[in-house]
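Chains A and B are the protein sequences, given in the same order.
Count the first sequence with my numbering and you get residues 1 to 432, in order.
Count the second sequence with my numbering and you get residues 1 to 590, in order.
Please keep in mind that the hints were generated in silico from the structure rather than gathered at the bench.
Treat the hints with caution; some may be incorrect.
[Said to hold, decoys possible] Per the computed footprint, the stretches of chain A lying under chain B, defined by three or more beta-carbons under 8 angstroms from a beta-carbon of chain B, are:
{"#": "1", "region": "16-22"}
{"#": "2", "region": "147-153"}
{"#": "3", "region": "268-277"}
[To be verified] Okay, derived cross-link-like pairs now, SDA-like style, lysine to any residue, Cα gap no bigger than 20 angstroms in a straight line:
{"#": "4", "chain 1": "B", "residue 1": "Lys408", "chain 2": "A", "residue 2": "Arg235"}
{"#": "5", "chain 1": "A", "residue 1": "Lys35", "chain 2": "B", "residue 2": "Lys408"}
{"#": "6", "chain 1": "B", "residue 1": "Lys265", "chain 2": "B", "residue 2": "Arg275"}
[Claimed, not checked] Quick list of the computed label-pair ranges, beta carbon to beta carbon:
{"#": "7", "chain 1": "B", "residue 1": "Glu90", "chain 2": "A", "residue 2": "Thr13", "range": "30 to 40 angstroms"}
{"#": "8", "chain 1": "A", "residue 1": "Ala317", "chain 2": "B", "residue 2": "Trp399", "range": "53 to 63 angstroms"}
{"#": "9", "chain 1": "A", "residue 1": "Leu14", "chain 2": "B", "residue 2": "Ser30", "range": "49 to 59 angstroms"}
{"#": "10", "chain 1": "A", "residue 1": "Thr151", "chain 2": "B", "residue 2": "Leu410", "range": "34 to 44 angstroms"}
{"#": "11", "chain 1": "A", "residue 1": "Leu6", "chain 2": "B", "residue 2": "Val129", "range": "26 to 36 angstroms"}
{"#": "12", "chain 1": "A", "residue 1": "Asn365", "chain 2": "B", "residue 2": "Glu402", "range": "38 to 48 angstroms"}
{"#": "13", "chain 1": "B", "residue 1": "Thr58", "chain 2": "A", "residue 2": "Asn252", "range": "24 to 34 angstroms"}
{"#": "14", "chain 1": "B", "residue 1": "Leu390", "chain 2": "A", "residue 2": "Gly80", "range": "49 to 59 angstroms"}
{"#": "15", "chain 1": "A", "residue 1": "Leu27", "chain 2": "B", "residue 2": "Trp42", "range": "46 to 56 angstroms"}
{"#": "16", "chain 1": "B", "residue 1": "Val129", "chain 2": "A", "residue 2": "Val222", "range": "37 to 47 angstroms"}
{"#": "17", "chain 1": "B", "residue 1": "Asn40", "chain 2": "A", "residue 2": "Leu14", "range": "14 to 24 angstroms"}
{"#": "18", "chain 1": "A", "residue 1": "Thr13", "chain 2": "B", "residue 2": "Leu374", "range": "31 to 41 angstroms"}
{"#": "19", "chain 1": "A", "residue 1": "Arg38", "chain 2": "B", "residue 2": "Val389", "range": "34 to 44 angstroms"}
Because the structure is a prediction, the values reported are computed rather than measured.
Where a beta carbon is used, it is the ideal one built from N, C-alpha and C, also for glycine.
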Amino acid sequence: MSLKELLLTRYFTLRNLFVGGNVVLVLLLAAAVVKDHRREWKGVQKEFYAREIKRLKEEKKASPDAAHVDKHLALLRGQGIKLRQLMVTALDRYDRCITCHLGYDTVLSPTQETVYDDPPFKARPSDIHRSHPADKFGCTVCHEGQGLATTARAAHGPVKHWEDPMRKGAVLEASCAKCHSNLWDEKAMPFTVNWRKGEALFQKSGCIGCHQIHGQGGPISVDLAEETADKPLSRIDFSFTGLSHEERTLENWIRLHFVRDPWTLVPGDPEGKHNDEPVPPSGMPFFNLSAEDADALTTYVLALGSDRIPAEFLAPAAPRPAPAYRNAVERGRAVYVKYGCGGCHAPDGTGGVRNFNYVNNTTPNLTKVVGTYTRPELQEKIEKGVSPVDKKDPRGPTPSLYMPSWKEKIKGPEMDDLLTYLFSIAEKDEDW
Amino acid sequence: MPSLQEAKDKLINSQIWRSMFRGGTWKDTSRDRAQHILGNVWLHLHPARIRQRAVRFTYTWGLGGLSFGLFMILTVTGLLLMFYYRPSVELAYRDIKDLEFAVSLGMFLRNLHRWSAHTMVLLVILHMVRVFLTGAYKTPREFNWGIGVVLLVVTLFLSFTGYLLPWDQLALWAVTVGTNMASATPFAGAEGPFSNLLGITNANDARFALLGGTSVGANTLIRFYVLHCVAVPVVAGALMIVHFWRIRKDGFSAAPLPGDAPEKKMEVWPNLVVREYIGAVLMLVFLIAWSVLQNAPLEELANAGVTPNPSKAPWYFLGLQELLVYFDPWLAGVVLPGVIMMGLMAIPYVDPDAKRGVGYYSVKERPFANTVFLFGVGLWFVLIFIGTVLRGPNWSWYWPWESWEIHKSLPPPSWSLVLVDLTDKAGVFFSSQKTPGLRIPGFLGIGAALAAAGGMIGAYFGAGLALPKLIHKEIPFRRALWVTAVASLFVGVAAKVAHVFLRHHDFIGKNISQFGPTEIAYVAVVLFIVVLMGFLLPQKFLRTSPQSPVQYVTTMLLLLMMLGVILKMGARMGFNIKYILSLPAINLNL
Chain A
1 MSLKELLLTR YFTLRNLFVG GNVVLVLLLA AAVVKDHRRE WKGVQKEFYA REIKRLKEEK
61 KASPDAAHVD KHLALLRGQG IKLRQLMVTA LDRYDRCITC HLGYDTVLSP TQETVYDDPP
121 FKARPSDIHR SHPADKFGCT VCHEGQGLAT TARAAHGPVK HWEDPMRKGA VLEASCAKCH
181 SNLWDEKAMP FTVNWRKGEA LFQKSGCIGC HQIHGQGGPI SVDLAEETAD KPLSRIDFSF
241 TGLSHEERTL ENWIRLHFVR DPWTLVPGDP EGKHNDEPVP PSGMPFFNLS AEDADALTTY
301 VLALGSDRIP AEFLAPAAPR PAPAYRNAVE RGRAVYVKYG CGGCHAPDGT GGVRNFNYVN
361 NTTPNLTKVV GTYTRPELQE KIEKGVSPVD KKDPRGPTPS LYMPSWKEKI KGPEMDDLLT
421 YLFSIAEKDE DW
Chain B
1 MPSLQEAKDK LINSQIWRSM FRGGTWKDTS RDRAQHILGN VWLHLHPARI RQRAVRFTYT
61 WGLGGLSFGL FMILTVTGLL LMFYYRPSVE LAYRDIKDLE FAVSLGMFLR NLHRWSAHTM
121 VLLVILHMVR VFLTGAYKTP REFNWGIGVV LLVVTLFLSF TGYLLPWDQL ALWAVTVGTN
181 MASATPFAGA EGPFSNLLGI TNANDARFAL LGGTSVGANT LIRFYVLHCV AVPVVAGALM
241 IVHFWRIRKD GFSAAPLPGD APEKKMEVWP NLVVREYIGA VLMLVFLIAW SVLQNAPLEE
301 LANAGVTPNP SKAPWYFLGL QELLVYFDPW LAGVVLPGVI MMGLMAIPYV DPDAKRGVGY
361 YSVKERPFAN TVFLFGVGLW FVLIFIGTVL RGPNWSWYWP WESWEIHKSL PPPSWSLVLV
421 DLTDKAGVFF SSQKTPGLRI PGFLGIGAAL AAAGGMIGAY FGAGLALPKL IHKEIPFRRA
481 LWVTAVASLF VGVAAKVAHV FLRHHDFIGK NISQFGPTEI AYVAVVLFIV VLMGFLLPQK
541 FLRTSPQSPV QYVTTMLLLL MMLGVILKMG ARMGFNIKYI LSLPAINLNL
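The whole structure should be built from the sequences, with the hints applied where relevant.
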């Protein structure tokens, strides 16, 4: 008997196929039902109820007449295992976080507090939670993450195809900016410490000299509010970051710019291997910030993002008071910061910021060169700018950094004050 | 106390039972079994008795029946999914998320629906291949073959309309790519040739009718939803009724072979029915296991502002998308699919011998038909494979082991053999964006260019049509194969030699910057395939065939067009030639 005959007449007979097929089909359907039935969150709820009931029973033993304990026990026993969600239609948020984080369920835990320290059972009331009740705000409008998801991984992220993983630690402050426009206000917004630190770093580093925020700023690089803060992940080239697919988030992309050399993140194509024209590497200086500073600056940039928040959620805020300056030099210094001159010429005007394929390699040191100009000459130089700057290797890429024309931006008294400031920091030429 | 048998008899003979089921107590006679089929509304599409050969699994592989089974699975799962899905751009994506995270068995249902749909597309194609190979399209089944071709297209359209419904990035861009082809329709599409003569814009063309707008949006979603859930299934159902009815009326193709003993027939109940049932059960086992193990994809929420690179159509259309590399959209997306459909439907009518090779796998009896058909199906799947697996960002060629993250240089610019410039009134030879080519101004230039392009295309089709019939002598096939192979290689080397002399000319040197072993191989392989398929095979088999002239010309035109695809693939891959003739003034590129 050949193998084929043996298989067909002994094993794969019609009867065997009929019986076997049906049995396997029923088993597989059962497997599908079982797989569907066994969901992660059910176990979490069971454990929570078990812990709570055990704790309450002990509490009852200690003080048998505590009526609230009986009431709470009855409440817990009446709940059953079920999906729980906060439906905030006004914000278009449907957050199932409380399916596992039962300590934040408004029915089960009106005080928003549990005795547990381990997630997902830990819950602590805070001033911010009190002023942002869960049934009005939900969870994800501040914490981000995937509110519809019911597995820990998909809900917290980062997971593939969900672009807003949870904001943890300092960067959570970025969410405040969705409704509050006064994060600068220490009295009204005592919690947004990191954001304020980030703003100070942002101004000191002169980011605005190259970047814009809603169109305001230098023209050299991208608009941080319109592009960066809401950038879809598919537009980001992560290939030089060394990040694993799990770590490829907008937050990490922004943060890397402050702790890693941007030339390694965006190396361009200086030799023109892949493009018709050579492309310089990123023009951004290497800031090499500490982890805390990088967090703060990331918070500041993320806070520039937009979210569709209905008007009734926007918090009223007092206007920011204008700072007072004592003299023209101080005012000029403020102009220098306002337009981000320090981004290229360094916060103290000493320059030295690298510029790929620039004939002098680094940006000019203002304290050295300002003295070689007369006041009208310097004004003209600032107004006209230098674009493009001279190349070192004529076949190489055009240097990323150049001096834009400031004629339309810095005018009148601002220009006067800036010139005064610049001459105040200029080294005096002894020959003069 | 009546025995079990008595109770059963009593039940079966009761008025209620008899009113529902025709026939009385089951006696397991031949008559009973026939009655079981004839008296059952669901089974009576079957004959009562069937030839023994027809129930052999390896004849049909159950492909037609399984395709119908998949249609039923898709109907049931689709119906259940409809309870949870709301076709609006605000809700659709969230509802799909809910299926995954909140609905009992929701993810399983969606997986089963998705995987069944892919399987159905594949099985319908394989069913067509089986029917061809067993000659089952021949008289009297020509019309039913045509219905089958339409059902194939309907199946693709059913799957395609469903693709949009999850409203994620995958859906949005696959449908954008797929529907863009409609805008290349000659006359009726805004980007197609001649449309500018009729005042067709992107707000009144064929694509607009499909999308309900100028881009994929809310109107498209509701349109595709209604098409997917109601309109197309109704059409598919109606056509299936005709398809099955004609099988029954035309008789099943597994007829007795010449020299067989007088045909033996067996009862359909239970012999065929149990086999159909087992087939359906095993397929369900496969699909359910797949659905338990793998989830259907769901990407980010659809965003018209973020184009993925590359954007790909659903896999069964990726062959057409790949053709866009070699042809203008109106050819790749409209004319070629149209020709393929019409060509498939024409097959039974150009086949001269209605009797030969019916009812069994007749490779030897029908060498020409089988070779050409399988070549076409193979080409279709090769194109799908290239489009699916080998195309990465910017539609560049990436081997499976190459990372899409390592950026590839842009390909060198493509060029046209002949360009007719109507605005400047000139004919241009060897024209690309970088090199101006050989420019002959005036009507003389236009005439020369048109004549050259027309001559090339005309010579290809003319020689292709005439040569197999002109050479009457029988060519010894094996020796001819060798001669063709050597000659093709020789032509490749000769082209290389010509290139050595011609490369100093600006337009040749810049457009074909290098001519190495790869280029020689391109010339040789393409030439060999075209001569073998386009000349040697027809010369051997069609020269003496009883085809009428119309049948012969139709066959050869279809064959030559298919080989034209190979020619243009070689020209583009080897030498960056995109067009034989480019006529930008009327969007006409060949």
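* Would you say the C-beta atoms of Arg38 (chain A) and Val389 (chain B) sit inside 34 to 44 angstroms of each other? -> Since Arg38 (chain A) and Val389 (chain B) have Cβ atoms about 35 angstroms apart, the given range 34 to 44 angstroms holds.
* Has the hinted range 37 to 47 angstroms been met by the Cβ atoms of Val129 (chain B) and Val222 (chain A)? -> About 53 angstroms separates the Cβ atoms of Val129 (chain B) and Val222 (chain A), which means 37 to 47 angstroms is violated.
* Range hint 49 to 59 angstroms (beta carbons of Leu14 (chain A) and Ser30 (chain B)) holds or violated -> 19 angstroms, violated
* Would you say the region 268-277 of chain A counts as covered by chain B, given the rule of at least 3 residues with C-beta under 8 angstroms? -> Since three or more residues must qualify, the claim that chain B covers the region 268-277 of chain A holds, with 4 doing so at under 8 angstroms.
* Given the range 31 to 41 angstroms, decide if the beta-carbon distance of Thr13 (chain A) to Leu374 (chain B) lies inside it. => 33 angstroms, holds
* CB of Thr151 (chain A) to CB of Leu410 (chain B), is that within 34 to 44 angstroms? -> Taking Cβ atoms as reference, Thr151 (chain A) and Leu410 (chain B) lie about 42 angstroms apart, which means the hint holds.
* Asked: Going straight from one Cα to the other, do Lys408 (chain B) and Arg235 (chain A) come out at no more than 20 angstroms?
  -> 17 angstroms, holds
* **Whether the CB-CB distance between Asn40 (chain B) and Leu14 (chain A) falls inside 14 to 24 angstroms** => 21 angstroms, holds
* Per the hint of 26 to 36 angstroms, is the separation of the Cβ atoms of Leu6 (chain A) and Val129 (chain B) within bounds? -> Hint holds: Cβ distance 30 angstroms, inside 26 to 36 angstroms.
* Should the hint that Leu390 (chain B) and Gly80 (chain A) are 49 to 59 angstroms apart at their CB atoms be regarded as holding? -> Since the Cβ atoms of Leu390 (chain B) and Gly80 (chain A) sit about 53 angstroms apart, the hinted range of 49 to 59 angstroms holds.
* Asked: Regarding the pair Lys265 (chain B) and Arg275 (chain B), is the alpha-carbon distance no greater than 20 angstroms?
  -> 16 angstroms, holds
* **Coverage of the region 147-153 of chain A by chain B, judged on three or more residues with CB within 8 angstroms** => holds (count 4)
The structure fails to meet hints 5, 7, 9, 13, 15 and 16 from the earlier list, while all remaining hints are met.
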